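Chemist: One-letter residues, chain by chain:
4 protein chains.
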Amino acid sequence: MNLVNLQGKRILVTQADAFMGPVLCEVLAECGAKIIADTGPLLTPERIESLIQKTGHIDVLIANLAIPAPNTQAVEATDDEWESVFDHMVTPLPRLVRAVLPQMVERRAGKILLMGSASALRGMKRRSTYSAARGAQLAYVQSIGVEMAPLNIQVNAIAQNLVENPTYFPPEVQALPAFQERIKWEVPLGRLVSAREDASFAAYLCTTAANCFVGQIFPVCGGWVPR
Amino acid sequence: MNLVNLQGKRILVTQADAFMGPVLCEVLAECGAKIIADTGPLLTPERIESLIQKTGHIDVLIANLAIPAPNTQAVEATDDEWESVFDHMVTPLPRLVRAVLPQMVERRAGKILLMGSASALRGMKRRSTYSAARGAQLAYVQSIGVEMAPLNIQVNAIAQNLVENPTYFPPEVQALPAFQERIKWEVPLGRLVSAREDASFAAYLCTTAANCFVGQIFPVCGGWVPR
Amino acid sequence: MNLVNLQGKRILVTQADAFMGPVLCEVLAECGAKIIADTGPLLTPERIESLIQKTGHIDVLIANLAIPAPNTQAVEATDDEWESVFDHMVTPLPRLVRAVLPQMVERRAGKILLMGSASALRGMKRRSTYSAARGAQLAYVQSIGVEMAPLNIQVNAIAQNLVENPTYFPPEVQALPAFQERIKWEVPLGRLVSAREDASFAAYLCTTAANCFVGQIFPVCGGWVPR
Amino acid sequence: MNLVNLQGKRILVTQADAFMGPVLCEVLAECGAKIIADTGPLLTPERIESLIQKTGHIDVLIANLAIPAPNTQAVEATDDEWESVFDHMVTPLPRLVRAVLPQMVERRAGKILLMGSASALRGMKRRSTYSAARGAQLAYVQSIGVEMAPLNIQVNAIAQNLVENPTYFPPEVQALPAFQERIKWEVPLGRLVSAREDASFAAYLCTTAANCFVGQIFPVCGGWVPR
Numbered sequence: 001m002n003l004v005n006l007q008g009k010r011i012l013v014t015q016a017d018a019f020m021g022p023v024l025c026e027v028l029a030e031c032g033a034k035i036i037a038d039t040g041p042l043l044t045p046e047r048i049e050s051l052i053q054k055t056g057h058i059d060v061l062i063a064n065l066a067i068p069a070p071n072t073q074a075v076e077a078t079d080d081e082w083e084s085v086f087d088h089m090v091t092p093l094p095r096l097v098r099a100v101l102p103q104m105v106e107r108r109a110g111k112i113l114l115m116g117s118a119s120a121l122r123g124m125k126r127r128s129t130y131s132a133a134r135g136a137q138l139a140y141v142q143s144i145g146v147e148m149a150p151l152n153i154q155v156n157a158i159a160q161n162l163v164e165n166p167t168y169f170p171p172e173v174q175a176l177p178a179f180q181e182r183i184k185w186e187v188p189l190g191r192l193v194s195a196r197e198d199a200s201f202a203a204y205l206c207t208t209a210a211n212c213f214v215g216q217i218f219p220v221c222g223g224w225v226p227r
Numbered sequence: 001m002n003l004v005n006l007q008g009k010r011i012l013v014t015q016a017d018a019f020m021g022p023v024l025c026e027v028l029a030e031c032g033a034k035i036i037a038d039t040g041p042l043l044t045p046e047r048i049e050s051l052i053q054k055t056g057h058i059d060v061l062i063a064n065l066a067i068p069a070p071n072t073q074a075v076e077a078t079d080d081e082w083e084s085v086f087d088h089m090v091t092p093l094p095r096l097v098r099a100v101l102p103q104m105v106e107r108r109a110g111k112i113l114l115m116g117s118a119s120a121l122r123g124m125k126r127r128s129t130y131s132a133a134r135g136a137q138l139a140y141v142q143s144i145g146v147e148m149a150p151l152n153i154q155v156n157a158i159a160q161n162l163v164e165n166p167t168y169f170p171p172e173v174q175a176l177p178a179f180q181e182r183i184k185w186e187v188p189l190g191r192l193v194s195a196r197e198d199a200s201f202a203a204y205l206c207t208t209a210a211n212c213f214v215g216q217i218f219p220v221c222g223g224w225v226p227r
Numbered sequence: 001m002n003l004v005n006l007q008g009k010r011i012l013v014t015q016a017d018a019f020m021g022p023v024l025c026e027v028l029a030e031c032g033a034k035i036i037a038d039t040g041p042l043l044t045p046e047r048i049e050s051l052i053q054k055t056g057h058i059d060v061l062i063a064n065l066a067i068p069a070p071n072t073q074a075v076e077a078t079d080d081e082w083e084s085v086f087d088h089m090v091t092p093l094p095r096l097v098r099a100v101l102p103q104m105v106e107r108r109a110g111k112i113l114l115m116g117s118a119s120a121l122r123g124m125k126r127r128s129t130y131s132a133a134r135g136a137q138l139a140y141v142q143s144i145g146v147e148m149a150p151l152n153i154q155v156n157a158i159a160q161n162l163v164e165n166p167t168y169f170p171p172e173v174q175a176l177p178a179f180q181e182r183i184k185w186e187v188p189l190g191r192l193v194s195a196r197e198d199a200s201f202a203a204y205l206c207t208t209a210a211n212c213f214v215g216q217i218f219p220v221c222g223g224w225v226p227r
Numbered sequence: 001m002n003l004v005n006l007q008g009k010r011i012l013v014t015q016a017d018a019f020m021g022p023v024l025c026e027v028l029a030e031c032g033a034k035i036i037a038d039t040g041p042l043l044t045p046e047r048i049e050s051l052i053q054k055t056g057h058i059d060v061l062i063a064n065l066a067i068p069a070p071n072t073q074a075v076e077a078t079d080d081e082w083e084s085v086f087d088h089m090v091t092p093l094p095r096l097v098r099a100v101l102p103q104m105v106e107r108r109a110g111k112i113l114l115m116g117s118a119s120a121l122r123g124m125k126r127r128s129t130y131s132a133a134r135g136a137q138l139a140y141v142q143s144i145g146v147e148m149a150p151l152n153i154q155v156n157a158i159a160q161n162l163v164e165n166p167t168y169f170p171p172e173v174q175a176l177p178a179f180q181e182r183i184k185w186e187v188p189l190g191r192l193v194s195a196r197e198d199a200s201f202a203a204y205l206c207t208t209a210a211n212c213f214v215g216q217i218f219p220v221c222g223g224w225v226p227r
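Residue numbers (my numbering), protein chains in the order written: chain Z, 1 to 227; chain X, 1 to 227; chain U, 1 to 227; chain F, 1 to 227.
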């Protein structure tokens, strides 16, 4: 038996060339899914509506929304930083959900999976704007998840951190003694989570076997947050 | 000994005529604090900066930010709703924090307490926009809390729900059978939390005895969320 | 690709005829695992040591420990009840772990999965003894998980509730109006989690794709606990 | 107004000469409480029953149960260690609760506060037995708390760690570079929580102002666990 059989499933991955996009497309395709990999901007409602319309049938929406996390002290986080982070990571989310839900409601089937961040679950210095945006995402998913569950639509989130990816942890960063120290003290796993481990878990959450999860937040961060 | 002695403390309460504002002003004043009760709008950075400047010395900022929670299905939550809720509850928060932190940093002392919501900790139907905004607040507090702790500035949050207040639970609502049913099933306390219980806890968190809390979220909701 | 490929894996399931035992054996075998289904008592260290020795190579230990949950008020929970529940659900766990770890440590590979309960994550009336025992299990798993992670041994737990099983939810219980009321108010999923959904998730956690999880507790309860 | 007025309250503190006992007795007395400081053993039901009977009227029971935490690897944690830790920290708890509840139920008033540990909320190496015992305590408190809330009896817990106390953090330990490193990496507060901060919070939870908390677990650990 193949538990993670996504044969015939049409999965839309947003920002498919950023954050977890590439590895998600790869792993989900290996599991048999038909991937619609969007790399367009998500900054206007019109673009989002046309994306969903153009895509047609969507079994699973993977809301992979990302922007490099600003590294600024609280007092230095400008309005511009805040606006930019929320414009890219927060505002598109309800627009995507509103656009994709009607077809799922009609079919009484569908899934939305947010690739979120554990930075909303544990405080980090110099990450206030980013954490706030990620916190909005997770709370939104919890709420929509509870609302949609009776219609057999599952809305859940991965809250990741310390997952291998070229943006945050390029080889030169991984070679730094400070990085090794951080892993030693903060990551019980003793290493980064691999991109494929993260994407595999996402793939599992796309299956019908995972129909029982409701607005749930799954930390994937090597033990950086306990639960 | 009086553990909750706020004698001589200058506490700024925002939206002092809304949400938990009135009871906070009452209880904090009873504990000896000098209350600066602001009832002005918080929609522009200029207004916020001038408020902080005009107020002068602030020992504790109580970020009491509220707007009636929209009661809309996910698919009906418009961009306007989203913008309005975030403009009132989310965007003002970092502006307030940025404006008030410099004097606290200089004194190596100060507290910020957010009157937040447990709706960010447990999914609720028809509350997606509101929950998202509340989630942004809580994650922001966690992050700022960790960043500011070494400077002896405590940033924490109450995450409340099912607290007596005239906006959400007027007597006519409390008289409804549906309300009684909800209390029975969802609130282990068996009643609403009283406004004074909530404000008293806030008062405790304003004391120096509470200097040990770091970006912590305290549910005050009669057991509606377990932790 | 088959993400949940357990071909060649030797998995020991304890109390294989109770709680989640039967469905676990079924689903894990479907995924290719070689199941060692133990139905013997676990009340003495000798029996546990001989079980592990007799079993030989164990890739995954599924600690499926169960006893019908006593339904008693706090003041009526006797010492006998406490002792019986802890003897069956708590004391065997470290004995199993101690017996199975050496071979896993030697191979620098192995997994232990506890089939735990969400009753340790959210308070329930008349379940104090049972909840306490389940709480001991989960905290133990968190601790062992962190300790074993550097050795490539993954120790995690499912914290389930409201999962279909003949002991707690036989058809006659499911037919009761009180049960329907409870589902409506307490279970956002709107139904019980199916036994196969629960076992499928357990199967996923047995794969190498799940090597990134460290002492993590996964609620599987239809949204009964938020996180 | 004095929010933490315990004048006339009779508070029983167990193991009053160990763990948080001394500072609790000191701070609670300063708040006006009449302290009954027990230093007797709690290893038999008879001793516990006679303690409660001898004490008479008890407004608040502070279940301060402690034993030095064994520092042993998972595979080295013997049955004897397990039994000793559970005998001292777990088994006495329901016995104390059963003995003290009847008078509280009759008066429809009373409080039980457990001085628990955050080691049950976040995994620690070489602390498996201790964490398990602490996990049993917390889950028990959650359950009893929900059961007793409708009778106006509040049962809650502090889950502490990294609180100043002579047993775990004597001056010579605090002077070690390894300790400083740990504080830097693991404790956002940047220092130990002081014993009086911890006891003051406990005092607050003993007041009628805290009647709204139900089976709640309050981390007091300088941010070592996020929530």
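These aren't lab readings, by the way, just hints derived from the structure by calculation.
Be careful, since some hints might not be right.
Each pair may be met inside one copy or between any two copies, as identical chains are not told apart.
[As the list claims (entries may be wrong)] Lysine-lysine pairs mimicking DSS-like chemistry, simulated, CA-CA at most 30 Å apart:
(1) K54 x K184
(2) K125 x K184
(3) K9 x K125
(4) K184 x K34
(5) K9 x K54
(6) K34 x K54
Just so you know, these numbers come straight off a predicted model, no measurement behind them.
Chemist: Each of the hints needs a verdict: does it hold here or not?
Modeler: A quick look at each hint next to the structure:
1. K54 x K184: neither (47 Å within a copy, 37 Å between copies)
2. K125 x K184: Both. Shortest intra-copy (18 Å) and inter-copy (13 Å) distances satisfy the 30 Å Cα cut-off.
3. K9 x K125: Intra 40 Å, inter 28 Å, cutoff 30 Å: inter-copy only.
4. K184 x K34: Classified as neither: same-chain Cα gap 39 Å, cross-chain 36 Å, threshold 30 Å.
5. K9 x K54: within (17 Å within a copy, 44 Å between copies)
6. K34 x K54: within (15 Å within a copy, 47 Å between copies)
Comparing the model with each earlier hint shows violations of hints 1, 4; every other hint is respected.
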